[in-house]
Structure formats: structure tokens, C-alpha cells
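Participant: Quick mapping for you: the protein sequence lines, in order, are chains A, B and C. Per our numbering, the very first residue in the first sequence carries number 70; after that it's consecutive. Per our numbering, the very first residue in the second sequence carries number 117; after that it's consecutive. Per our numbering, the very first residue in the third sequence carries number 10; after that it's consecutive.
Treat the hints as calculated values from the structure; they're not laboratory data. Misleading hints may appear alongside valid ones.
To be verified - Which residues of chain A face chain C? A partial, calculated answer using Cβ under 8 Å:
#: 1; residue: P221
#: 2; residue: R224
#: 3; residue: V227
#: 4; residue: E229
#: 5; residue: S230
#: 6; residue: G232
#: 7; residue: W236
#: 8; residue: L241
#: 9; residue: P245
Said to hold, decoys possible - Below, simulated DSBU-like cross-link-like pairs (lysine-lysine); rule was C-alpha separation at most 30 Å, straight line:
#: 10; chain 1: B; residue 1: K264; chain 2: B; residue 2: K343
#: 11; chain 1: A; residue 1: K188; chain 2: B; residue 2: K264
#: 12; chain 1: B; residue 1: K343; chain 2: A; residue 2: K188
#: 13; chain 1: C; residue 1: K115; chain 2: C; residue 2: K130
#: 14; chain 1: B; residue 1: K264; chain 2: A; residue 2: K113
#: 15; chain 1: A; residue 1: K113; chain 2: A; residue 2: K188
#: 16; chain 1: B; residue 1: K343; chain 2: B; residue 2: K400
Here the structure is a predicted model, which is why all the values come from computation and not from measurement. Each residue gets a CB set at the ideal place from its N, CA and C atoms; glycine is no exception.
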Amino acid sequence: MLRIFLGGVVLIALLIFSLGTALVVGLQGRGPGALSSADWSAVKFTLWQASLSALLSIAMAIPVARALARQSFPGRQALITLLGAPFILPVIVGVLGLLAVFGRAGWISSALDWAGFAKLSIYGAPGVVLAHVFFNLPLVTRLLLQAWTAIPAERFRVAESLGASPWAYFRLIEGPMLRATVPGAFLLVFLLCLTSFVVALAVGGGPRGTTIELAIYQAFRLDFDLGKAASLALVQFAICGAVSLLAFIVPLPQTNGLGLDRVPQRLDGPRHRLWDGFWIFGAGTFLVLPLGAVLLRGLRHMLEVPPQVLTASLTSLTIAIVSTALCLAMALSFSLAFARRGSLARSLAEATGILGLASSPLVVGTGLFVLIFPYAQPMTFALPITAAVNAMMALPFALRVLMPAVQETYSDYLHLRMSLGMGRWIWMTRILGPRMRRPIGFSAGLAAALSMGDIGVIALFADPDLQTLPLMLYRLMGAYRMDQAAATAVVLVVQSLFLFWMFDRGGRGHAALG
Amino acid sequence: MKLTSLFAGLFLASAAVAETPVLTVYTYDSFISDWGPGPAVESAFEATCGCDLQMIGAGDGAALLSRLRLEGSRTEADVVLGLDTNLTAAAAETGLFSPISLSADYAVPGGWSDRHFAPFDWGYFAFVHDTQLTAPTNFRDLAASDLKIVIQDPRSSTPGLGLLLWVKTAYGDEAGDIWADLSDNIVTVTAGWSEAYGMFLEGEADLVLSYTTSPAYHLIAEEDASKTFALFDEGHYMQIEVAGKLATTDQNTLADQFLQFMVSDAFQSIIPTTNWMFPAVTPKTGLPDGFPQALSVEHSLILSPAQAAAQRSAALDEWQSALAQ
Amino acid sequence: MLHLDRLRYQQDGFSLTADLQIAAGDRVAVIGPSGGGKSTLLNGIAGFLVPREGQVLWNGKPVPDHPGERPLSILFQDHNLFPHLTVLDNVAIGLRPDMRLSALQKAQAISALDQVGLGDKAMAHPRDLSGGQQGRAGLARALLRQRPILLLDEPFAALGPALKDEMLELTRQIVHQAGITALMVTHDPQDALNFAQYAILVIDGLAQAPAPIGPLFDQPPPALQAYLGRRAP
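One chain only, chain A, in its complex shape:
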């Protein structure tokens, strides 16, 4: 009963946080009619860039994933692991790296300039889409690779022994797999890009690259026009809601990373060596170069790292840990409450997960601001609010890892438990606990790293004297202190990856029991 109660509490808290804040914001707004033509441009741009980003990410991920699926080469496993990194990489660090490579003062522009061509211009739509592809190409590649390696080896052998041409290969095996996987992957990337904020803030280049999320921030922070912020938030919520409904028809792919270490057993590898090599090398370079650029520059200037980095990193760490604890508490009570309750509960859990994905941190933030403002200075609550919102944003990912683990443990061992007359305590500590250790560790790592790298509500609420590590990095970039920014980026990356590693590692500690 307690489990149901806790699960219910979490569910209600989530509904208040997502739908509730949206409602508050809605009451505040003057409706979409109050939006100017520039605001509608932001809406159009948001939809356009999210579609294009998803399309490009997938179009490029298909050849890359296929190459990884059928080639085996030294460093393959390392590359696949590396593909998981952008997901937990602070967005602002990625942006800094992309500027170092693709910016007007970056490597490619310098080379173009030297060769007598025009420099690249990254600000605006190209930068936004480029950054989104940078972050989502690896994610989609891993999703597709997982689907690819899940195809039974016999299928490939049957096709091989039939003498299938590459086209027949595609029609027999890869086409159907892609048809089943790509729509969900598209939806996932589309959703992630829909609520993109930091990228547009850093490289949007003004009104031409403004997303709804950024427009909410501007209406709020620059114009202090709560009505307009609310109207924009309403539009954002409506779009996310509509897309989320689609997710019930087209299920979002799972991101548990299973099967990625399977060695390819395919015979068509050698035939496509050149083509596959091109994609693997291209994707590898595209991912490694920007990161390498930042980290190298940062390491060279490590001594110039500003002294405030210490307080900022402590602040970030505190937020990350509180937010991780909150996220785990929510995900666990939710999983324990609903994992065994049939399809209705599962849809409920699914819906909650999607709700978290579709919620915009800035809408939630705006709603909370409006709620608090009559009674207290909302800025005072910047840190707890940030921790709570970060926990909510990480929840869908934690649920996707924990829910199946709980379900599996129950379905595998419940009968055994009953036949042994095992008590609740023993069950929890000896069976469920150890079995959950690894998924808990992994989702804690995700939640901590996501919170560590996020700039969202904190930008809405932050004082000039309050800063998290990513916010500080953004401000240093703003002041064009690129060396210090790069040095700070090193600290941020190390801290994020360390947090992830520590939690994940903690979960693996008793691997023998799991």
C-alpha cells in the first residue's frame, strides 16, 4: 500500500510540475493571439530546425550505424562507447567545441580563408542545426546500431546464401528494421530539439535563430513580459503535447545500450570497406575534433582557470547530487508502484516519461516564478528549483532504465519468492536490491551528468553572483575569454564524466550478484 501511495505522490508531484505550471502560465497569458510576427517566426523556426536536425541526424546515423554493424576494426568498441558521451556532455561545452572548429575564427574558416574562400558563418540556423546534429547523431547511431545488432545472424546468412544484392539486402533485412526504428528515433530527436535552449542562446545569432524556448527566456528576462512569456509557453506546451501524443502511436526507442558490444558477424563487410570506412572516419572526426579542440585549449590554459570555478563547481555538484537523489526517489517509487500493474499502469508510466521529455524547463520555471512571486523573491529559490526541475528532466531516462528492471525481477522471481515464503525485507535487500543496483547506478549517473551540464531554469533565475559551472562557462564565452572558457570546460567535462562514472561504477560494484 505504501508503494502505491508513494507512487501516487510522485505522479501527482509530476503532474503539478508539468501540467500545473503550464496551467498557471496559461492563466497568466493572453493567448497565442498576443504573439507578434517575430514570435511566430520563432515558432516556425523551432519546428523547422527540429525537423531538419532530426532528419539530418538520422540520414547520417544510418550509414554510420550500418558501418559499425558490419565492420570490425581496432577501436570499434572505444568509438561506440564514445558515441554515448555526447548524451551526458554539457551542451555548452559541445557548442564551444563546434565554434572552435566551425566558427568564423575556427580551424575550417581559417583554412578556407587561407585558401581564398569565404569564412564559414555558424551563427543562426546553420549553427543550431549543426549543434543538434552533433548531439543527436551519436544517440541515433547507437539506437540504430542496437536495432541492427538485434537482427538474428541467421537472417544475414539466409540473405547471403540467396546471393542477395545490396538492394535486396536492404529490402529483406535493413529496410524493415529501419521502418520499425526510424520513426521513433525521429520523434525522439525532434522532441529533444524542440525544447533546445542553450544551443539557440549561444549560436542562434539573434532573431533568425530564436527557438520558442529562447523566446520564452527573452520575454521573461529581457522584457519581463510575463504575459508574452506565458503565451509562448502555452504554444510550446501545445506543440510538445501534440508530439507526445504521436509517441503513443510511434513508440520511442529504448536507450539501454544492450547488444552494442556484439561483434559483427557479417559477410558483406569487406565489400563495403571503403564506403563504411568513410562514414566511420567522418563521424569519428566530426565528434572528436570539437571536443579535442576544447580540451586541448583548456588544458593548455588550465592555470588561468578563474578562481570562482571552485564555488561554481561546488554549486553545480550540490545541485547535481540533490537532483539525482530526487530523480532516483521519484523513479524508484514510481517503478515499484506501477511496474507490476498491467498495461494501464505501464501506459501511465510511459505517459509520465513522455511528459517529462516534452516538458520545457523554461515553461516549468516560468510557472514556478509566477507561483512564488506574490509571496517571496523567486530568485531565492534558484537552487532548489533548479535541482527539482533537473530531476524531472532526467526522470524519463531513469524510468526507462528502472521500470523494465523492476518488471523483470518480479516476473523472474516472484513465483520463487512466494513458494519460498520469502519476507518483504529479505526480498527487498537480498533479491530486488542487488538486482537493481546496476540500473540504479546507471540512471543515477545519467541524472547526475545531465544535471551537471544543464543551463535551463538556472538561467531564468540566476543572480549575477550565483553561478553553476555551465553558466559560468557561458558567461566566460560571452566575455570572449575563450582560454578561460576552455579551461572551465575541462573542469566541467571532468566533473560530469566523473559523476557519471562514479555512480555507474558504484552500480557495477557487485556485478556478481546482479
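For this one, chain A is given, so just place chains B and C on it according to the hints.
Facilitator: Chains B and C alone, transformed into the frame defined by chain A:
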């Protein structure tokens, strides 16, 4: 809820009250940077006031006003320094500012008579560029060229807002077309002046929106004569930067004392070679080298605070729509 | 005649050698303990593995490298059918992997389905078939391809005893009528006896020459005896 307040309490513990009175001044970022006027102003004022002067940077000038609106009557600021006359009408309308009475021998063109705000410096907006560059002589030339510029967001930055009103004043109903034509020249729109100027110095743009006095900085501080400004034949929009006292201040006397200090020679003599603007009251030592050239503007443009407030919203919509295309 | 000429395969640190001959039209069971190399042998003959040494010859000539060009068909225990294709298409890809069938080819595919008793299931999808029917569809495809060799990798192991016997018998008849040379990996000595005339014993990475199956089981060598235990048929 209990957890939340406990958590908040933990973080607020550091804001404990000190024994010496604290005067909190909100200002823009570049004012308090290491090379800005902030450090010198702070030590000069603290030498006489027996107080702790805390200057907090809150983005660029226009962001100051948004921040005050956000904080409302709960703001901790006693004085706000760094708004300009394009914002004073809107600022006064918030009711957050208290009237002040200061006397000074202002050298601000057009004189000064505002109940809520006192000027501390002024200047002309201009596009700054390398001397090697053949600069355009008006906005139409600029828009027709391939030159790349960095500008600031009018919603967060006073230079950005100044540019908006500059184009509006010079071109009236055609301002929207000018912006549409300028759109492909704009590398990016930054939140504040510091960002834009930093990008320009790193070579990310050919011209940057700044002031006619900016080349003097390179000349005097860096002995570098390679920067100059583009003289536009439409005239140059003028900026007068001001400070005001919050009605909710709990340091009323100290705030008045600070504002009086602001128009005194001690403060005004710091301004030219740190903030690189014309001082509002000419210091005894006169103006440094490079400043006379900055005055070579043939005719200056400026809207009254009331006009600026009236035009801002429509001009902003026009700007946003033109650049969003 | 299928000639495995001093073959050696290497896979994940495991090595299999085979030097033997199988006469055309023979039905051969491949038996031996798990991990002994039975599947490796079949995968090698099919062309999924590249030999380190030696070669596979069919009627005195080396077979092509590519599995699709080898004179053989292969049936696995599972995943022989593509779930998104109809039964007819699944069979027809035996002739045209790109599914561009002429009317004649289509008729041939349907007649192959008739032969295995699936004539009425041509338009069904694999998910609508029982396990035995799926096995029949796979068999129909092998039949349609008319390749002289058929490799069977425990094809009916998941079926119940009666159904399995029925399928084995059907396969035996088809193979016999078409004069196909068949190699079947199996765990079950009884299946081996029912289906094959000869047996290849694969133990510890060595495939022994085929021996007549009856005598082999009557007087098993020690290695086979150890594998069979008391389950000798």
C-alpha cells in the same frame, strides 16, 4: 516544502549581514570588469563613505531594468547605474525609483533636468573598425556591402537599443527596410556590448557597434592606432548613461552620498580612460588624447526619454521581424 | 561429390579441420558434442567462414567464395523466414532475391509450396504459421532453388517429437526424390538414424570421415560412446 526552505536556507547563509553598512549598486558587466571603472570607483568611494560598496554586474544596461522588474520591490539594489535616457521613462514608470536632488555643472549636450536620474557619462554610438578598411558612410552603404558586423540585442543592451533608435530616427518608416537589408551583414546579435566587442577583437566581424570614443581606448591604453570609427552622414545617435536611486533602499543617505560622489571630480576623472565615454561633468584635468576626434560628429541624433519610450516597442517589433526572416 | 580438401577453419580461437568426401545424393548426419565444431563445419561449407587452409570442391571443382554462388541451400532452426514478407515471397526469394518474379517463377514457387502442403498459405505471413509450417516454407524454398546440396542446421529441433519426425520424413523424401546431397546437424541420435545413411562425427575440432550410420551406432568408437552415454539408439 520544509525541505525546500531548509535547502534555501543553506544557500542563503552566506548572505549574512555585515557590520559596516553595505551599499548595493547594480550596474552593467563591463563597468565592473578589471579594466573598467569599477575597481577605482570602489576604492575612491569606500575611502570616504565608511561603507562597503558592492557593485553587482547584471548583464548589459537594458538587462538592468528587466532585472529590477523581475525583482520588484524586493530588490536588494540601492542604486542602479548604467541605464540610459532611452530607458529612463520606462524605468520611472515602474515606480521603483525615488526622485533625487543633485547639483552639478553638467557638460552633457542639451543640459540635464530629470527628477529621477542623474547622468554620469555620454557618448555617440558608432561602428568601430580597422583603419585599413574602407568604411561605409551610412547605413545604406553598409547594408549594400559584404561587410560583417556584430550588434547587440536591444532588449538586453543599451547600445543595441541605441542602434535601434538610431536607425528609426534617421530613416523613420524605412527603418524596417534598412534592417531587412542589413540582415545578411549581421554575424550575430549578442546580449551585451562586452560580447560584441570581444568578438570584433577576435576577428569575427569587420565592424562592431560601439562608440566614437572606443578608438581612443586602443590609442591610449594599447598605443594602437589601428582602430577608428565610421563617420555616418545620417548623424550619430547619442547616449547619456544615468544612475538612479531605488525607492526601496534602506541606505537612503548613503545612496544620495554615492550619487553626489558620482558627479564629483573624483568619479568623473576616472570615467574617460576606464569607461571610454565623455564624462558628464568635465574633470579639472580636461579630456585625454583621442577624445577630440570622437567629437567630430557633425550632427547628433537623440530622442527625448518620452519619445524613446513611445517608439521602442514598435521599433523592436520591426527589428525582430526583419531579422527573423 | 562434395570434397572437403584438407580444410581448416579458425574462429574465435577455435579451430576445425576436415578432410573428407561425401558422395552425391548421400544423406549425412553431423553429430557430436556441443562446441565440437558441428556448426562451424556447416558454416564453412556454406561459405560463411573463410578457410585458413584447404578448399571445398564440388564434383572436382572448387566452389565459388561467395555463399550465394555455391551450389547449396541452407536451413536454420529459426529465422529462415523474413517476418514482413508473405510466405510466397519468402519462398520466391530463393529464385529472385529482389522479388521481381516472372509468371513462370511465381508458378514454380506456388508448386513448391504445394509440394510441402502449404499451397493455401501462400499469402499468409510467417507469424500466422505454426512452427511446423514455418519449417515447410523453408523447405519449399530450398526445393525451389534446386541446388544440389542442402545444409540443415538442427532445422526442426524446436518442434515436438511427432511433428519433428513428420518433418524429417518429408525432408528425407524431398531430398531423396531430387537426388540432393544433404548434411544435417543434429543432437538426437534417433533423428540421425531416421534421416541419414551416413554420419560425420565432429569432436574436439576434428570432423571425421562419414561412416555408415547403422554400424557406427552399433559399435560406437569410444569418443562417440562417451557422447551418447546410454542413449545409444
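Participant: Decide, hint by hint, whether the structure agrees.
Facilitator: To see whether the hints hold, each was checked on the structure:
1. P221: Result: holds, 4 Å to nearest chain C Cβ.
2. R224: holds, 5 Å
3. V227: This hint holds: A:V227 lies near chain C, its Cβ roughly 6 Å from the closest one there, short of 8 Å.
4. E229: holds, 4 Å
5. S230: holds, 5 Å
6. G232: holds, 2 Å
7. W236: holds, 6 Å
8. L241: holds, 5 Å
9. P245: Holds - the Cβ of A:P245 comes within 8 Å of chain C, reaching about 4 Å at its closest.
10. B:K264 <-> B:K343: OK: B:K264 and B:K343 at ~16 Å, within 30 Å.
11. A:K188 <-> B:K264: At roughly 11 Å apart (the allowed maximum being 30 Å), B:K264 and A:K188 satisfy the hint.
12. B:K343 <-> A:K188: holds, 22 Å
13. C:K115 <-> C:K130: holds, 14 Å
14. B:K264 <-> A:K113: The given pair, whose Cα atoms are some 26 Å apart, holds under the 30 Å limit.
15. A:K113 <-> A:K188: holds, 28 Å
16. B:K343 <-> B:K400: holds, 28 Å
When held up to the earlier numbered hints, the structure conflicts with none and fits them all.
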